[in-house]
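Trainee: Spelled out from the first residue to the last, the chains are:
Protein chains: 2
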Amino acid sequence: MDLNKLFKAKNIAIVGVSKNPKKPGHVIFRNLVESNFQGKVFLVNPNAYQLLNKYVYKSLLSIKEQIDLAIITVPARLVPNIIKDCRKKKIEDVIIISSGFKEIGNNKLENEINLLLNKFNIKCIGANSLGIFDAYAKFDSLLLPRINFKRPKKGSISFLSQSGSVGAAFLDLLTKEDYGISKFISYGNATNLDESDILEFLLEDKDTRVICLYLEDVKDGQKFLKIAKKVSKNKPIIAMKALADETYFAAFKQANIINANSLREMLDFARILEKAVISKGNRIQVITNGFGYGLIAKNEILKSDLKLAILDDKKNLLKKQLSSLNVIGNPLNLSNICNTEDYRLSIKFCLNDNNSDILLLIIVYQSPLLDENILDVIIEENNLKKKPIIIVSTGGEFSDSLKRSLEEKNIVSFTFPDEAVRAIKTLIDYYSRK
Amino acid sequence: MDLNKLFKAKNIAIVGVSKNPKKPGHVIFRNLVESNFQGKVFLVNPNAYQLLNKYVYKSLLSIKEQIDLAIITVPARLVPNIIKDCRKKKIEDVIIISSGFKEIGNNKLENEINLLLNKFNIKCIGANSLGIFDAYAKFDSLLLPRINFKRPKKGSISFLSQSGSVGAAFLDLLTKEDYGISKFISYGNATNLDESDILEFLLEDKDTRVICLYLEDVKDGQKFLKIAKKVSKNKPIIAMKALADETYFAAFKQANIINANSLREMLDFARILEKAVISKGNRIQVITNGFGYGLIAKNEILKSDLKLAILDDKKNLLKKQLSSLNVIGNPLNLSNICNTEDYRLSIKFCLNDNNSDILLLIIVYQSPLLDENILDVIIEENNLKKKPIIIVSTGGEFSDSLKRSLEEKNIVSFTFPDEAVRAIKTLIDYYSRK
Chain A
1 MDLNKLFKAK NIAIVGVSKN PKKPGHVIFR NLVESNFQGK VFLVNPNAYQ LLNKYVYKSL
61 LSIKEQIDLA IITVPARLVP NIIKDCRKKK IEDVIIISSG FKEIGNNKLE NEINLLLNKF
121 NIKCIGANSL GIFDAYAKFD SLLLPRINFK RPKKGSISFL SQSGSVGAAF LDLLTKEDYG
181 ISKFISYGNA TNLDESDILE FLLEDKDTRV ICLYLEDVKD GQKFLKIAKK VSKNKPIIAM
241 KALADETYFA AFKQANIINA NSLREMLDFA RILEKAVISK GNRIQVITNG FGYGLIAKNE
301 ILKSDLKLAI LDDKKNLLKK QLSSLNVIGN PLNLSNICNT EDYRLSIKFC LNDNNSDILL
361 LIIVYQSPLL DENILDVIIE ENNLKKKPII IVSTGGEFSD SLKRSLEEKN IVSFTFPDEA
421 VRAIKTLIDY YSRK
Chain B
1 MDLNKLFKAK NIAIVGVSKN PKKPGHVIFR NLVESNFQGK VFLVNPNAYQ LLNKYVYKSL
61 LSIKEQIDLA IITVPARLVP NIIKDCRKKK IEDVIIISSG FKEIGNNKLE NEINLLLNKF
121 NIKCIGANSL GIFDAYAKFD SLLLPRINFK RPKKGSISFL SQSGSVGAAF LDLLTKEDYG
181 ISKFISYGNA TNLDESDILE FLLEDKDTRV ICLYLEDVKD GQKFLKIAKK VSKNKPIIAM
241 KALADETYFA AFKQANIINA NSLREMLDFA RILEKAVISK GNRIQVITNG FGYGLIAKNE
301 ILKSDLKLAI LDDKKNLLKK QLSSLNVIGN PLNLSNICNT EDYRLSIKFC LNDNNSDILL
361 LIIVYQSPLL DENILDVIIE ENNLKKKPII IVSTGGEFSD SLKRSLEEKN IVSFTFPDEA
421 VRAIKTLIDY YSRK
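Line order of the protein sequences matches chains A and B. The first sequence: position 101 = 101 (our numbering), numbered continuously. The second sequence: position 431 = 431 (our numbering), numbered continuously.
Same shape as in the complex, but just chain A (with noise of 0.2 Å):
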């Protein structure tokens, strides 16, 4: 499904803005205008004669420019008019934010207006969506306020979410811990465009990578399959289904979608698939300097069906050469009193290893022999590209700035060593079946 017209929308009408900051229409139009959008707004209300400075149409036909998108947030009984309204005013796109149908029982209505969607051919978001943010377009028409709610920056996760809640609230998450976002779409109801046909228009879209997707149910299983696959052929989906059964863990496992629990697993698997390297051996080594860490981090491995690599001989010559307590095997554990250089020498030997494919590096930042050089280490074996290298780190600011600075060399790092190995089962299980 193409999608292009509507994501690059030049002139926006939005129908049903009121002067009351807090309703929907006027949070959308503020949005608009705060996000920079390139293009022009028109504003519809039978009421409003002036808002923000701005001339505000008594209806769509009043506008005299040729309208790309309008995005409708009148009452659920007002819309069908709306819809009408459109097609005379040869609209072909629209985004519903109005909500009032079937999420309440409403079937009448969401009938009525799907009718006139397909029988219009007008392609349409919603109803009930919580409205489209796209970083790169500019493109910012979500019914939340940026006061309290900062966005994203730029980056190659796109989400698309059937709830509006959850889609709100996990956006905030992901700006609060510095996920980089391509398109995010609440799609609602799904009364005309539905999950399968977004999927398809982010499989050709050149700034995304990732794809995660929130469902609570499946508007037509056999479109979903089909498309499903053709997309993870390229491009993971990370899905998370509320109420999810059987039949559809199976569907997921058919397509090679990958299966979140949680919103929290959705979470670290967007990021280890946005970043890491391409892996499909399952050996892992891990380094630590904390025994209790590594032992978290080899439980993990062993319960997840993943291996622990085994050294090389060699390694007798590495434990020569550091300068701390060790136990050089799997977990190769350096101790608390271990130095930087010490990292260096172990990463160095793990990453010339032929016997493993993953390094899972546990830092225990807190250490007083590390210092700040560990990042200079860690970026400059990454940067060679032998094998991805996963960091775990646990702790409070300074940990946290570490861990951003290894995330803007597209180095991930992760809390704990059981949710990094979780997040590795999944990067290998993915490149594994494609």
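There could be a bad hint or two in this list.
You can't tell identical chains apart in this list, so a pair holds if it fits in one copy or across any two.
Unchecked claim - Taking lysine-lysine pairs in the DSS-like style, the calculated list, with each CA pair at most 27 Å apart, reads:
no.	residue 1	residue 2
1	229	64
2	233	19
3	307	206
4	102	314
5	176	153
Simulated from the structure, these hints should not be mistaken for laboratory data.
Take the given structure of chain A and dock chain B to it, following the hints.
Mentor: Just chain B now, with coordinates in the frame of chain A:
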């Protein structure tokens, strides 16, 4: 085991203080100074004469004053002689920070110091300890430089960790997440005092209400079971065991120890047990302004063997009072355009309804019609102490600031609905078995 003398030591000697500011003895000395320790600190090193304007003694024996506690940071091979000095100096309590004993396979040296400690009747935390921290006594002997790692505020959670690395990283995270701590004890190799001895001490500690325990092994199973049973009758113990097996899970259950499958769960469980009102009833009522979030909560309630409460018939009266579109059931869905008053009415109704025991309040703060008054509503209703109120909110800085305001009033917030439900399940199970 009475460890009050150890924790309330007034005259402390640090044995093995180096001029190098990154070395253990030096780090610990600075921490004691910077934490405004109210007692006297004596430094010991055979080579040094002056450090940070402080006299350095050649040995413990050259100090004239009585010493209450020796913190030993010398290389492992020198530890036996220092213990002998402690005996001569009549020191009854020590912390051994030094590592290089059984944790790296040096069982001979471990046994040697164990025999000495027993023979001389010296109480010892460690070896291979990261130190102890007491937020109330201003006693900070941690091997963690304060410059990068802030310390937590006062609170009622005590954390007991066999692993120094897990302890350090987790304490740093607890601080960032604004948890309040009573005592942090890294007991390392448990050469002399083991986890059971320290649990017994925490049972009597008036500043501790909830105990977190990170274990790698248990030294004496029967002793542990006996003491843990006694402790958990009064204070919840949340334990995480690396490489746990069925035997451990069975023992935990028998002693009413709460099993945390991950450090993330330990965080969640500690928070709810510290702050929430006691509850044995398991009928949960969910109120939400996001259908999707409500669905995730419902899903987890059904999976967790908890009950979805069934609202009283008077619910139709509530329906008439609400301003927004809504579905009055469980979840009680107020939709994304509800306002603060809708929440107030719904919370009041559910607190007065006899068909539920716990209120799970999901608030998507991102909704445009909600404002900060929602805090006053929640705090006011919670003050009536009719039922535990647990909050779910996900998001960025704005959500976080609201969350912190609630936690100051002892109202717990979780990031995701499923994590909240698992924490509620833990709360109910603990009090039902107690």
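Trainee: Now tell me if each hint is right for this structure.
Mentor: Hint by hint, here is what the structure shows:
Proximity of residue 229 to residue 64 under the C-alpha cut-off of 27 Å is found in neither arrangement, the shortest distances being 44 Å within a copy and 79 Å between copies. Proximity of residue 233 to residue 19 under the C-alpha cut-off of 27 Å is found in neither arrangement, the shortest distances being 48 Å within a copy and 59 Å between copies. When the C-alpha separation of residue 307 and residue 206 is checked against a cutoff of 27 Å, the pair qualifies neither within a copy, at 35 Å, nor between copies, at 46 Å. For the homomeric pair residue 102 and residue 314, the shortest alpha-carbon distance between copies (25 Å) is at most 27 Å, but the shortest distance inside one copy (66 Å) is not.
For a Cα distance limit of 27 Å, the shortest separation of residue 176 from residue 153 qualifies both inside one copy, at 10 Å, and across copies, at 24 Å.
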